[in-house]
Amino acid sequence: ASKLKDVKKKEAIPRRDERIIYVVFVVVMASLLFGSVLGDIMYVMPAIGILVLLLTKAMSVKEATSAMTQDAVWMIAGVLVMADALGDTGAGELIGNMILKILGGNPSGIMVMLVFAIVTTVMTTFMSNSATRNVLVPIAASTCVAAGWDPRGVVLIVAFCANVAIAFPSGSPACGIAYAAGGYKITKTLKFTLPFIVLAIASVVFSANLFFPLT
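In the working numbering, the protein residues as written are -7 to 207.
If you're looking for bench data, these hints aren't it; they were derived computationally from the structure.
Incorrect hints may appear among the rest.
Said to hold, decoys possible - Quick list of simulated restraints, FRET-style, between CB atoms: (1) Phe184 / Asn98: 36 to 42 Å; (2) Leu30 / Asp9: 23 to 29 Å; (3) Ala170 / Thr48: 20 to 26 Å; (4) Ala173 / Pro205: 41 to 47 Å; (5) Ala170 / Ser199: 37 to 43 Å.
For every residue, glycine included, the Cβ atom is placed at its ideal position computed from N, Cα and C.
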């Protein structure tokens, strides 16, 4: 009964605001679909849509900030800056040389790919997919360049394994929603997710080494 009272107390969205929200949604989605025509403006269209909602008062500033996943936004922003810094300052190459020393004097191509595949999979299980990818791609490329290898295979492995985030709910928003909605227990799902992860790593390493060998 108390829940019904709370629902009744909530005001319905005014018809005017509802129309504005629909129009903004359609325009933003259309801009994403026609990104090849619009160019770089596509990336700012969601922000423009939010500004329109705020200026027309279809959404309050409080509603906009509360709906924003601030932690994820700041994390991605920081990761992108760090990824650029790795490339511009030469720190990526330094890290690459350190990784080469750890791997040994003359590591095999499969070993290098396997190491990056495992590291990427472990990292993406506990942090954002895009953050993992943006951090490890420049490091993987710098490692290959420092050793005189073709970086395409290792970079593709990092990009692929960054999406293999199904072992825990923390891997991605989609996993979190799926685990919560289904009421799954990690101890039970690991029976299915771990074999898939092992198979995914083995297949991507084999394929990358076949089509894009390091040497």
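Could you tell me which of the hints above the structure violates, numbers in ascending order? 3 and 5
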